[in-house]
Amino acid sequence: MVARENPLAARVMVNRIWHHLFGAGLVRTVDNFGKMGEAPSNPALLDQLAVNFMENGWSVKALIREITCSRVYQLSGNHHEKNYQLDPENRLSWQMSRRRLGAEAIRDAILQAGGQLEKTPFPGSVLQELGDINYGRSNAVSFGRKVARHRSIYLPIIRNALPEVLRVFDFAEPSLIVGRRQITTVPTQALYLLNDPFVLEQTEAIAQRLIDSTTDEGERIDLAYTLTLGRPATTLERERSLALLHDIGAGLNGKNDQERQGVAWATLAQSLIASAEFRYLN
Amino acid sequence: MSNLHDLTRRRALQSLSAGFGYTAFAGIASRSDGRPALSANPLAPKKAHFPGRAKRVIFACMRGGPSHVDTFDYKPELTSNNGKKVEGRTVMESPWKFTPRGKSGLPISELFPHLSRHADDLCLLNGMYGDVPAHPQAFVQLHTGSFQFVRPSMGSWVLYGLGTENENLPGFISLSPPVRVGGAQNYGSAFLPALYQGTAIGALGRPVKDANLQNLGSKRLTTDLQRRQIDFIQEMNRDLKNRQNADSQIDGVIKSYELAFRMQTAVPEVMDLTRESDEMKSSYGIGQPGTDDFGRQCLLARRLAESGVRFIELGHGNWDQHNGLRKNLARNCNGIDQPLAALLQDLRERGMLDETLVIWGGEFGRTPHVKKEDGRDHNHLGFTFWMAGGGIKGGLRFGATDDNGITAVKNRTHFHDLHATILHQLGLNHEQLTYRYAGRDFRLTDVHGRVLKEIIA
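Protein sequences appear in the order of chains A and B.
Numbering of the first sequence is given in numbering that gives the first Met the number 0, commencing with residue 0 and proceeding in unit increments.
Numbering of the second sequence is given in numbering that gives the first Met the number 0, commencing with residue 0 and proceeding in unit increments.
Accuracy of the hints is not assured; some may be wrong.
Label-pair distances were calculated between CB atoms; the ranges are [as the list claims (entries may be wrong)]: (1) B:A437 x A:V59: 21 to 27 Å; (2) B:P112 x A:K145: 47 to 53 Å; (3) B:T264 x A:E218: 37 to 43 Å; (4) B:Q213 x A:V177: 22 to 28 Å; (5) B:P267 x A:E80: 33 to 39 Å; (6) A:P173 x B:D440: 22 to 28 Å; (7) B:A437 x A:A2: 55 to 61 Å.
Bear in mind the hints are in silico, worked out from the structure with no lab data behind them.
Cβ atoms here follow ideal geometry from the backbone N, Cα and C, with glycine treated the same way.
Isolated chain A, as found in the complex (with noise of 0.2 Å):
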């Protein structure tokens, strides 16, 4: 399967990590090479790239390291209307395509947000200090809060039991072979970003974090922009921030001024979290 004169693995394994690096495979159906599937958009290129890979020792670092340190992994998003008639789906990478994020990074990034990311993976098998057991829903959520925290990628995952947040952004089925992931934007994202308990935490975090830094209005307002975009707002962002800050804390009966402001803040990152900025990448 590894020999040097049959390329396939390599291929399709350079395939894949183009797939990640940029969002769209040289060969864009994944999952599927040679007759059934897409021809590759650049032949040569995954060729070389295959045969690179081969001769590094199969090392994935050294392939992720050539890619990401070319020019075309470099290029902005910017568009480009006269490439973009020649173009349209970005076959031939003039541009970095946007992308949306995939739920790992989704929850990673609210979390980070918060503060509340652990890095660190468990020390061994979180599963296996359940037992032998029928897993449900009770159990469901108490085992997780256990691993509430950590990065998406060191969580167990349970086939037909996946936590919900990973489920509603299109994780990929655990049972089935899935090289490239479905992109879907449905309510039940929506739903989950404005109502979902999860979110409401992880905002109260953010919201506690932006009280904490500084008294300054504006300051916080630039904070929560910068830690869920990873930019400060604009002025009119910031005036529409205000008001929105304004109205909530208006509208919210029955609390103190500072639950009212933990909660206008709380609403504010969560709003910034729900944006379809936030799981875009450009």
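Start from chain A and add chain B according to the hints.
For chain B alone, coordinates are given in the frame of chain A:
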């Protein structure tokens, strides 16, 4: 300066998506050349392959494997063979009497006094058989057609084929599904686009009274404040769209928030049984201890059907009477009899029965052989399903097991045949409703299945 590419990508999505909630598939691949199938709304109602009698399905799923010889498969020889050994084991007659009911004279167990009155609507499939006598595999095979591989569920195929009539509700809903025996796989979409997956409401074993769709409201904000929040989010989204040169993906996000906001009221409204009269509710057995839960499920099913939901599954159990047959089977039947009868009656009175395919059955049946005097074991070799409405002939017994009810011998009906027939009644050709995955075309019936033309009215 209009441009063909412009038209197909951005303009088309902008104009076509005006009326629909679900848009923007960036990465959907249902074509073998890998190009995304540009559909403005993958869940919009689709034209069937041919005009089908039924518009929707209500499937009453009896988890555990209901005994057929005690319910809908009348076996007079079993009575005369009572206590004898057949194929090496002792058989037991049914503790209950069967009598011919309706104009058709269909023999139905005395355990179903209410449902028997609808005998002329029922088509009994007495020749069912499956491949595996174990719960997890059989239950999954009933729902997906395969006991070995992960495949899309019946409901997902139906949604894929027909779309849904009401974008404000999920198009495929499973009430009280079991968490085990496959769990989410039974309403999952496997390799079909994820938005064809079923939505579970509640779980088997928990009262459906307390169940509702997840995340339907904020614990932090009132509806008004949430609307204010969504307005803020949408402003951001529209800005992004302008900055990044108009894109269908952002449109999709914008639409998804509007739809989510509407769902937050639409779903609770349809699930709210206080909107029904006391008379209606008690006709379904709601309010009585034995029938309350399934009565609610049946009434919900009618409301969901009225609201345009395409595939509705109801869950009842446990029918796995290895012991306690006399007590537990009677209790089970009592729990579903009045509700199902009320559902058929209600659909008929609303003129909906002809367009609604109602199905009843479980993952297998049970042996006529007795286990310790008061139980029956699994039997996948022969068992019973029934169908009503949706253009199926009523008052008919199709297929048969042997004299004792062990093996299906006449007009044998596999799950594949059941699936083919269900799709047919919905106007879908089971051989044409395919999806390309892993290099070949897949379908619900895989390479099997025959439409039971004999039972179609």
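So, going through the hints one by one against the coordinates:
1. B:A437 x A:V59: 21 to 27 Å: About 24 Å separates the Cβ atoms of B:A437 and A:V59, which means 21 to 27 Å holds.
2. B:P112 x A:K145: 47 to 53 Å: holds, 51 Å
3. B:T264 x A:E218: 37 to 43 Å: holds, 38 Å
4. B:Q213 x A:V177: 22 to 28 Å: holds, 24 Å
5. B:P267 x A:E80: 33 to 39 Å: violated, 47 Å
6. A:P173 x B:D440: 22 to 28 Å: Roughly 24 Å apart at Cβ, these two residues keep to the hinted range, so it holds.
7. B:A437 x A:A2: 55 to 61 Å: violated, 25 Å
Going through the hint list in order, the structure does not satisfy hints 5, 7.
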